[in-house]
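Visitor: Protein chains in written order, with my numbering: chain S, 1 to 320; chain D, 1 to 444.
Worth flagging that the hints you see were computed from the coordinates, not collected in a lab. Yeah, the Cβ is synthetic: ideal placement off N, Cα and C, and Gly gets one too. Check before you lean on any hint, since a few could be wrong.
[As the list claims (entries may be wrong)] To spell it out: a stretch of chain D is covered by chain S in this simulated footprint if at least three of its residues, at any positions, have a beta carbon under 8 Å from a beta carbon of chain S; those stretches are: (1) 116-127; (2) 136-146; (3) 418-430.
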Amino acid sequence: MSELTYSRAVHALAVLLTIAVFPLIWVGGLVTTYDAGMAVPDWPGTYGWNMFAYPASTWLFGPFDLLVEHSHRLLGTLAGFLSIGLVIAAFRCDDRRWFRWWCVGVLLAVIAQGALGGARVVLDQRTFAMIHGCTGPLFFAIATATAVMSSRWWLRSQSMVGATRGVAWLATLLAATSYCQLILGAQLRHVTAAVSHTSFMAFVHTHLTLAGLVTLLTLCLVGLALASRVCEPRIRRPAGLLLLVVVLQIGLGIGTWIVNYALPWSETTSSLAGYTIAAKGFWESLIVTAHMATGSLIISLACVVALRAWHTIPARHVNE
Amino acid sequence: MLRLPPKRNQNSSFTRSARRWIKLAAGLFALSQVTGCDVPIDAFEDNRIFAKRLELTDSVELELVRSDVDSILIELFGTPDQPLWPEFLQSNEQTSSLVSIDRLQRAAGAVRSDEEDVHYGLYREHCILCHGIAGNGLGATSRLLNPYPRDFRLGKFKFKSTPIGSRPTRDDLRSLLRHGIAGTSMPSFARLPEDDIEALIDYVIYLTIRGEVERGLLMRATYELDLDAGERLTDSDQPESADVALNQADVKSNTINHHTIELVSAVARKWLMAKAHVLSVPAPPDDLPIYGSEPTTGAARERLAESIAHGRELFQGKVANCASCHGPLGAGDGTVTDYDDWTKDWTTQAGLDPLDKQQLRPMLKLGALKPRHILPRNLQLGVYRGGSRPEDLYTRIALGIDGTPMPAIPMQPTNPLGLTESDVWDLVNFLLSLPEQTDGESNQ
């Protein structure tokens, strides 16, 4: 197989895009936490202004809602510009036809995501808020995948053996499970008065069960990656990181429950007996948003492992 | 692209066509409905559980009046999106101050906010997930919380400055919303602007009165009407007193009769009377230091030690008898098998055994939450849900906690065998010293 040329521009843009999308997910989470989704009631304009011309003095020093919602929009546009750059760079410098079209797909995905965000505002529908919230992490995973597939390592490891089928399958399963988990989390978050307490409890129990499953899968993945002699550090390292992030995520999940609903058995722990939830509190919002953003991180990390593993499993295994 | 002139309305035609496309997409999405969506809330839930209780205890057929109750309530109080406040309460000088229709409208309806960051739909933004649309305490999260969120419809509130049976004052509710309830899921809303809090207070009062009126209507249908003979809650009737006749003149309605007006007025009056029942906490005796205030002289220290010792005696003694529930050292290990009034309302009062799942089934089916025991508080933790200032503790001891087994203490001179004000302060000192004392004991 001929050596493919590595384009620094394409890779840099893909990495930048990934880096830009992560804070976008945080700020998007804050939009929900502060119920700021409708702080700006029109779209794509901002109170009748062109979005970029909206006076900074108004939104930067205005109400927090407005700051959050407006900066979310601006960051979203940044992601859009980076994607346009990515497409241009890919068509100029990348030899892989499929990759060029993948980059076009990335751009279309950004546009779709922006439109969904707009739909949430224009139609003032929380359903869209939730869909927008669920596709955001998906886009983050797509951006991460683009960065992985444009890397020098990817282009050079065409014919190397660095993973086993088991690792590849586990990582894929993990990515899928954690995405389901994220959607469930969004359901819990966007729960409305129309949901009965019985269904809410069912949602919570499912979320907990899936959390157990994600943890189990992660442990298996790490175990397998460490045990197998062929496994590349490029696969082991993100797998190990994944385990750390999952542990963090469990802590954040418990924290999220406490800052929203307190523990149902507060008296058994004297330190929590005196805790009072602060509605719209700073730390409270931070924990909840972190829980959501870390969920996206897990999905993306699982995608990294899965992609790298599928890329480097021995060809004969594939044909089996 | 960055340089477009900042013209207003520039995007309106774009927005309009975008809207059209997006609506199309919305239609497609609607096909695959997701649970989290914004379902319009066009009605308050009926109090089916209370109706069931009356049906069980008095074998009436309340299904016959269900639609009447609904239409009376809608005519008086409107809907979750369009709240109303009865005309005759607005026009009456005394009751008009109770709830303001403007604040009510701010608190009601869907969640939205404007450029000045004024939020609307406050109840739905902040409270509904726990307290439910109708304030029945059966919101989405309720089942997983302990204690369960408050059902406002009984008109009972725990932490207030008025005696058991009275409504809380606006100040009580304000302080409740500011501080939240420590150790429970009830948050502190201190971060909300004052106006928001005021609007929420109005809405709590509104939901409570609405819920009380609903119960009142069901009770009237059960105990005063001959439903089989065709009597209904909406039957027109002759006013008995001139006062009511005056009110009646304002109401041009076929559904609201003078019985209903009287019921609503009586419920509203209880709220108006709350202020008159507020307990004013007497200052502690001049020479009595309060625990935590660092007495400086030896004599004062001795006086405090005496006070605490006396407080402990009272706590364990026959009159106050705190120990019977809270345990001799306040660890909360006394009587632990009782239920609160919100639970008793649909269990024991309906003739059902709270422990018998089989019996409870019809109620659980209607959404009632599994009964839980109300536990006397573990006072060694030093966590007080109704406020932890010495005055708060004084109030709690003197007035008890409404809706729970925690009684108001018998006081002199009303009860010659009761405690004096200075005795209550001794109890307060004992309570305040408990966390530290018991810490010491467990270390020994």
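Visitor: Could you run down the list of hints and mark each one as holding or not?
Guide: Hint-by-hint comparison with the structure:
With 6 residues having a Cβ less than 8 Å from any Cβ of chain S, the region 116-127 of chain D passes the three-residue criterion, so the hint holds. Counting residues of the region 136-146 of chain D whose CB falls under 8 Å from any CB of chain S gives 9; the rule of at least 3 is met. Here the region 418-430 of chain D counts 0 residues with a CB under 8 Å from a CB of chain S, which misses the bar of 3, and the coverage is violated.
Of the hints listed earlier, the one the structure fails to meet is number 3.
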